[in-house]
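Participant: Residues per chain are reported as follows:
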Amino acid sequence: MTETLEDMEPGDLDVRTLELIETLARQIRDRIEKGELPEIRLPVRSLSNVTYDAAEGYFGLGAARKTRTLTVNTAKSFAQTLRMMATSYGMVEKDDFATKREAYYISKNWGDCRFDEQAESDAIMDDIEALASIHGLSREQLRFYPEAHGGSVAGRLTVIDRNAGTGEEIEIDCTRLGSGAYSIPHSVEQLSFRTDARFILAIETGGMFQRLNKHRFWESADCIIVEMGGVPTRATRRFIRRLSDQQDLPVYCFVDCDPYGFTNIYRTLKVGSGNAAHINRFFCVPRARFLGVTPQDITDFGLDDATHPLSKGDVKRARDALHNDPFIRQHPQWVAAIEQLVGMGVRAEQQALAKWGLNYVIEEYLPEKLSNPDAFLP
Amino acid sequence: MPDQTTPPEAQPQKVSALELAGRQRDISISEFFLKNRHLLGFDTPEKALVTAVKEAVDNAVDACEDAGILPEIKVELRRRGRIFTVAVEDNGPGILEEQIGRIFGKLLYGSKFHKLAQSRGQQGMGIAAAGMYGQLTTGKPLHILSRVEGEPLATDLYVAIDTQKNRPDVHRKKHLEWGHPQGTRVEIVLEGSLQGGRHSVGAYLRQTAIANPHITIHYQDPDGHTRDFFRSIHSLPPRPREIKPHPHGIELGRLIQMLNNTDSRTLMQFLVNDFSSVGRKTAARIIKAAGQRVSERSYPTHIAHTQAIALHRAIEKTPVLSPRTDCVVPIGEPQLLKGLQSEVAADFYTATTRPAGSYRGNPFQIEVAIAYGQAGEARVDVAEGGRMNEVRPEPVPAGEDLLGLKDEPAHLLRFANRVPLLYQQSGCAITRAAIQTNWRAYGLHQPKGALPIGPMAILVHLASVWVPYTSEAKEAIEPTPEIVKEIVLGLQHCGRELAQYLRRKARLRREYERRVYIETYLPHIGGALQDILALSDEERDNAMQRLDSALHESRQKQGGGHDGNA
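Protein chains in written order, with the working numbering: chain A, 105 to 482; chain B, 1243 to 1808.
Worth flagging that the hints you see were computed from the coordinates, not collected in a lab.
Virtual Cβ for every residue (Gly too), placed ideally from N, Cα, C.
Keep in mind that the hints are not guaranteed to be accurate.
Negatives, chain A to chain B, calculated, CB over 10 Å [stated by the list, open to error]: (1) P142; (2) D226; (3) L281.
Just so you have them, the derived chain B footprint on chain A, three or more residues with Cβ under 8 Å [unchecked claim]: (4) 118-131; (5) 204-216.
Please build the complete structure, drawing on both the sequences and the hints.
Facilitator: Pasting the structure below:
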């Protein structure tokens, strides 16, 4: 796949999306006209077909494909897949979108073909999405939008959006939003950016984001701050990815010092997750680096008495990452860091820095860390 | 069976009993009959009516077959209150005038008792017993009309039975014109009761038609409704041959009787001449096995009891060829299938004729047939090109069909020498064998100790030169191990065929349901393709037509084609 989303204008992408769906439909019709049973070839989405691409730096789908031939067992899902593709086609044509929940309700008008549970429509959607992904198109291109909205953004950034009705450009200056912030939309493909920031700071908690925004940290540090709110949503990940790619900005991650922060929040942002391998190529942020809080920070910043013991679940998660996570095992620094944390037997939250005063994080911790980005974990 | 349904004023046996009390020294055949009417099948008015029809029809058919004539039987019932007239007419050879009285007016007179050959009647008891029953209940004699081929006029006469002397009393004899070139018509007036369902006259005649596809029967019930059972086979079954007894299974008493009555002058001659399947070599072996006390030259009538016992044992021990089978005439598999098919509407038929076996020296042969599948039940048919259709035939009115319902025990149709057995089902060898057979192995439900459940009729026919009935009423067959075993083998054979059919049917049903399932989604596939590719309605419908055909063809490739309904 030489061409990807990054090479094209949004209009081109729509043309490609329509072409893809038409091509698939035409292949099916051709088989029917030849008197053969129609079939759809879909990438296998199971973990066995997920590989970690060390060079590209993300989890990707392997070469395994499943062929869904029209038979008794597949008749319903075959029809549903086609129906779903037709729905997508119609939405691209009319420049509309449907959330996963809405897509589920659309099917209620399909008679025998309807979905009984949203889990069924989500699975079909994932199949189509995986199929589109190997042709360089994301689910948002198919006009299926996630339910969860993106995180918040503040800092030295101007987001250029369009008025959906008139097509007129709208510029949002993220320095002029006061104590509020810019909310990342469900689909970010149409956005473009203007910025003079030096880096993007992705923050785990809303509280920390509020603190940094209120004290206009981004002004002094020349950066854009993004609130992830736990594991980042697709929109947030895609937003950071596009911003990082287009403006050539490094991404620094500021999360809790615990196995969940490392392997779920940070790793998902950077390389994606195994069960959404078909989309990771669009959503991963390979330029992300781990600023903190690191296990070494607990010692370096005297947070020993502001920690909590690791729970059983934390230890299990840590051991699992050490043994099975290809991303962690790829990086000796991460192995060392996690082993250190397990050795210490404690975890520390971002907020633990408040031990030294509420604004210690702004005045001492972040400036000191940012003075040496090379020391960030990969 | 005690007769509790009959009102007191209609109990003729009480009147007769009083008469008899006055003449105590005359122990007559009619007294025997009265005491043993249940043995002869006249214990209730319902049964008496069916039995009278049965005896008359058996006689008529035997007469026709003996004369080599395809039987054409007419059965008419008329009723006045509780009094029925049973009229049975055949196209047989007719009866010589001087014989008529003895045939119909004398119990235990007949041509069948003394020979060892397969026939419907066997004691010469039936028709005269029916006449006597009529006479006892209504006082009316038998009315006979008979014309022998070539005679210008038919003989018309009444036969009463002199119950004290067991002698026919013929009167009102006259000769008259009759519109038939030959044949016999018997009218019995008797007290009876008309019953519907499985023990009705209609059911009896229908079953007779099944086992005798070469017979045509016209039936007119008391209400004037007619029903015709036309023959589907236009040739007579082969004539059964008369045979000598087979040595195996013969009882000691019978052996001694035969030794005493034989014309043979040596034991060797006796064994060779008076038994079937015994040649000189076998006879020599038997005599040698019998030991020192008998020799080839022993004079049969001089053989003592102890010697006879030794001889009997020797016979049992010595291997003898199986009895000749040409003395037993089975209905035949194709004939049985035709008979079933023309009277029982079912989806599946199978029939088998077992090799002949022997029971007490009497050869017998078992035939089994099964009809399965309630007509009226939906089924899946496969047409040319693999297309499947669900067929829902017109339902058959309840009670009209010989097949059981889906959740009822199978109906058992029992026959002995082509005669349907309607009563005493539970005591019959056929029932016992059907219960012993493990039908579960063939995909049917079967409660413990019961007949299998399903919309099916199981037909079993025993053909034998001497059918071991449990009573003189000829209602059930004695369940001897030899006979039960043979029936079970026949049932198993048909059961395997049935299982194969049921598997195929289940497979078709599954496939059909799958097909319907797929077809539910075809319009959606068509609609989606139309939306994406902007197809016209016609293009869309053509594509779906194609897809539909492709699906049907793929069934043929995978499913190994279709072979129609067996």
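Participant: Work down the list of hints and note, for each, if the structure agrees.
Facilitator: Each hint tested on the structure:
1. P142: violated (7 Å)
2. D226: holds (19 Å)
3. L281: Label holds. Min Cβ-Cβ 42 Å, cutoff 10 Å.
4. 118-131: Three-residue rule met by the region 118-131 of chain A, so holds; n is 4.
5. 204-216: holds (count 3)
Hint compliance for this structure: hint 1 alone is broken.
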